[in-house]
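So you can see what is in the structure, the chains are spelled out below.
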Amino acid sequence: MRKMRYEAPTTLEAALALLSGANGQARVLAGGTDLLIGMRAGRVEPELLVDIKDIPEMVSIVAENGGFRFGAAVTCMELVEHEEFAKAWPGVIDGVRLIGSIQVKGRATVGGNLCNASPAADSVPAMIAAGASARIAGLSRKRETRVEDIATGPGKTSLAKGEIVTSFLLPRRPPHSGDAYLRFTPRTEMDIAVVGAGVNLTLDDSGVCSQARVSLGAVAERALLVPEAAAALIGTKVDAAALERLAAAASAACRPIDDKRGTKAFRFKVAGVMARRAAEVALARARKN
Amino acid sequence: MAKHHVTATVNGDVVEFLCETHQTLLEVLRDELGLTGTKEGCGTGDCGACSVTVDGRLMCSCLVLGVEAEGKAIQTIEGMAVGTKLHPLQRKFLEHAALQCGICTPGILIAARSLLERNPDPTEEEVRYWLAGNLCRCTGYHKIVDAVLDAAREMRGG
Amino acid sequence: MSAAIAPEKKKLKVVGTRPLRPDGVPKVTGLARYGADYSLPGMLWGKILRSPHAHARIRSIDTSRAQALPGVKVVMTSADLPEQKFEYVGAERVAVNFWHMTRNIMAREKVLYEGHAVAAVAAISRTVADEALRLIKVDYETLPHVIDVEEAMRPDAPLLFEDMITRGVEPAPVKPSNISKRIEFKIGDPEAGFAAADEIVEMSFKTAPVHQGYIEPQACLARFDTDGQAELWASSQGHFVIRALSAKILGMNIGNLRVHAAEIGGGFGGKNVPYVEPVALALSRKSGHPVKIVMSREEVFKACGPAPGSSMTVKIGVRKDGKIVAADGVFKFQAGAVPGSPVMNACMCAFAPYDIPNVRSVGYDVVCNRPKTAAYRAPGTPISAYAVESVIDMVAAKISMDPLQLRLKNVARPGTPTVWGPKHTHEGYAETIEALMRHPGYTAPLGKNQGRGVASGYWFNNGGESSAAVHVNEDGTVVVATGSADLSGTRASLAMMAAETLGIDYDNVRPIVADTASIGYGHLAAGSRTTFATGIAVTDACKKVIGELCKRAAMIWDIEAEDVIWEDGQARPAGASKGRFEPLSLKAIAAKRSVTGGPIVAEVSVNAGGVAPGFATEMCDVEVDPETGQVKVLHFVTAQDVGRAIHPGYVEGQLQGGAAQGIGWALNEEYIYDKAGCLANAGFLDYRIPVASDLPRIDTVLVEVPNPNHPYGVKGVGEANIVPSLAAVANAVSHAIGRRMTELPMSPPKVLHALDSERGG
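Protein chains in written order, with the working numbering: chain A, 32 to 320; chain B, 30 to 187; chain C, 517 to 1277.
Bear in mind the hints are in silico, worked out from the structure with no lab data behind them.
All of these numbers come straight from a predicted model, not from anything done at the bench.
Do not take every clue at face value.
[Claimed, not checked] If you want a taste of the chain C side facing chain A, the calculated C-beta under 8 Å gives, among others:
#1 Thr682
#2 Arg683
#3 Val685
#4 Glu1143
#5 Thr1144
#6 Asn1184
#7 Ile1188
#8 Ala1192
#9 Ser1209
#10 Asp1210
#11 Pro1212
#12 Ser1263
Each residue gets a CB set at the ideal place from its N, CA and C atoms; glycine is no exception.
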């Protein structure tokens, strides 16, 4: 801890060079809301902190091909306050809004939320349901991948050594689309999700669901994309029967654990409830668009 | 290794300090700059007692490194009153008995001011949700909410 | 013992108003200094090494590498503290055993809980101190551990003390166990009482341990000079008690230790005892430098005293007409690593609100591998009230009687015997029940998935030793100095009582909390005693000052002292026959003090008796989400007999704070242990105290039935409000879901499980 260094590069290339050095003991510092806690607890002892907040593409929000690209180090509050983004993706904002407190959101980032790879991360199910993709940069290459392919287990990602997520792309929104994220926590705020559910759906002109994506958080070793749950909605008017099937599919997809935040049995049950309720909100939003 | 030499603005004044990489802004404020008004309740961003604003953004100073303060404008509780003039929130907290032990009070005042800067006419629910990151164990929040709503009223000119 | 003092009858000018507190501006500007805010030149940072094991023998401790680290000045272990005699001293209910206490401050033969202090260092910076801890090598022999109270009581449970023989059992057991003590109270003939009952309800309950949740971790600055004189700045609820206990632990004279009361960021009973203070003093003594120790939040959860977890069974027998004829309660409490849970309080207060002719209450104090319990707001009593008030709720349902009506029918009144002997002497209980019955919320309709619960509760309150000094300044302003730590506004209420008594403006009275060398002894700011007992001391001191002021006026007028009276802040002759003189204000007399005899000062010490207990009746409305078990508190009302509210705003705050803590205790707070006996939720993320968005507005009804034994009718208010709150919430949830909740906290999985069982699913 005493010898830990700190650098704040202003270009992506410089950051990548720093990250691939330092004997692999370098860590990315974005909002620090997970990293600083890990350092305090002695769980992680980096030799070098690479602060990425001065790199323009990491902290910007821009329109792209009718969708949005936002930097991995954009803070939650900045996203929440971005009117157009919030209008297009209220479900993603639902998830982002639930990360910690206003204070935590003033620092926390979606990139950090994803790469910290807690199975309960609040922004992740909504991002997966939205069909978001992540741009990843390494010293020798750049690549794009779906958000659901990043976290592989608690605290583990598919990123190679020296790679960093630089931005997220949310695609253009078809008309009559809506997304929502709901989670279950014992308190109204400040808790880690016991179950999280993100639903994104599109209706055709006759009100029939033409596309859907459903993602669950905190019920497996990472956030799950649940095609069976989406299938329960596609081709239907998202009526009570379809929602029942959605809930059942959501519960069935869980592979939860017992931990200090919730039991297996509880998570199975409540996953279905949260998925159904999130779908109801997404439906209402889709009908308004 | 040598410490970082950081220059920042705190409550409008330029300050310089030395810190090691791992030292948080909270530690720096309290131990290097002697500004003990910002409190540590948990050190993990769960209680809000260490709330400050950095470039106008509300955050927990226990989740910011001292070295990150370079070039930033930080506001702490010590800068909330202007000279001898208390901020309306400070006055209303006293009038409404919105503090008991007072340890959470600096953090809550900083957070409440941040709210009213963005939303001058919040509902009770909006106040409660904004302040969810500031734990209070003494008051049950009832008089805190009253004080914030009353300060908002006064600041709107009501 | 102070004599009975009839409360002031005339119209009050200051008492009952809502002035600003004198410590308010420093607290809203960040200038108020709490324990962690003090520094001295040359100060070292102290840090404590804590056991990673729930139960282990200490084979050896090697501090050599830590000592050798540059920047480390001293390292200490229990070897630096004197051994203490094994002996329970003091009144039974609050007995102390220094043999246990010194081991809790720093382990000797064994570590008895994860977090138990084992060694400590003092170094030039926090960073160096942290590093030094890592270099201390402790050789542990781990032992099996036990935490749950029922498991700890089993004959085959791992023993914390191999020679612990249960006290209070005749004949004494032959085999040792973890049961430190058994106590029993009985009046009447419970067996006969139950035999005569028309209906009997018996139920068992469990509660998890909870923490007071004060936002300020313990912190202090100690300075031990080489001539043996020491000073300490600490946040505590009683700097005189901290002085006495720290001096004993260090083996030094009390008079050599001067303790200053830092502002305190919450206590609720948890800061009645020392943790870091003796360690900081010992490190300072050994190093020759001041030493500052600030606990982390994790340390607070792992090593500071919580309220006990419990296992209880309560049985109540009632006649068809609602008269309770018999009651029995068995209360098993976790003491933690060393004996001393508040189970005796629980036994005494459990049935105290009621007039029941046949009562037995039995308590077990059981050691287990977790931190030693400390007081938490009416210690022990909210727990036993949860069980008793739940059963009373069930009884009311069984005989189809309104639950408040049932309580009112059986309420204790003056003359009702208590289970521990004395009769109740104060009124006020019935008034709180009636106040709630009249409250519009009590008859407001409830919606779907909603439920309403009520409960009552009793707490002894406390009197005891307090000292106060009143000084008249040269300009007629007044200083009121006491030794009572100010947790949440007692400086204001003491100043208000002083201003009222002297007849001067509140703003001309400046109250301070004096250090242990500057004022006579003052007991803890705990037990809801400060406004009561210290209030008596302050008022008595003011009366002495008034006597002196009248004497001085008499001198000025050249009349007899007994011919001068004090009225509205002025001395005047007692009637025209005694002389026609213009009244003399306090200010005018103060200006002449030198020529009339010198400074005008009075100091009074009391051991205040005439305590009136606290009593509260509460109502809670909840809504339960039937699909998730989440409970939302819609409405909460606390009606408490406060005697007289000196400062109504601060009294309301006490009621609201106690209710909020009770709601958290009932719904979401608990210590969660893993299989190794280590704490899994040592932080505010997973130790879930209510946040602002969790709570509704909390209505308070200040019932005022003045205490005739206090000049202003004060009854202690800090604690009675939490006593019924657990049961009020539990009764509400039970009604909302149609099933009795017998375990706290009523976290969503438990509620959902109960709902599903009720639905047959």
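Hints violated by the structure (numbers, ascending): 1, 2, 3, 8 and 11
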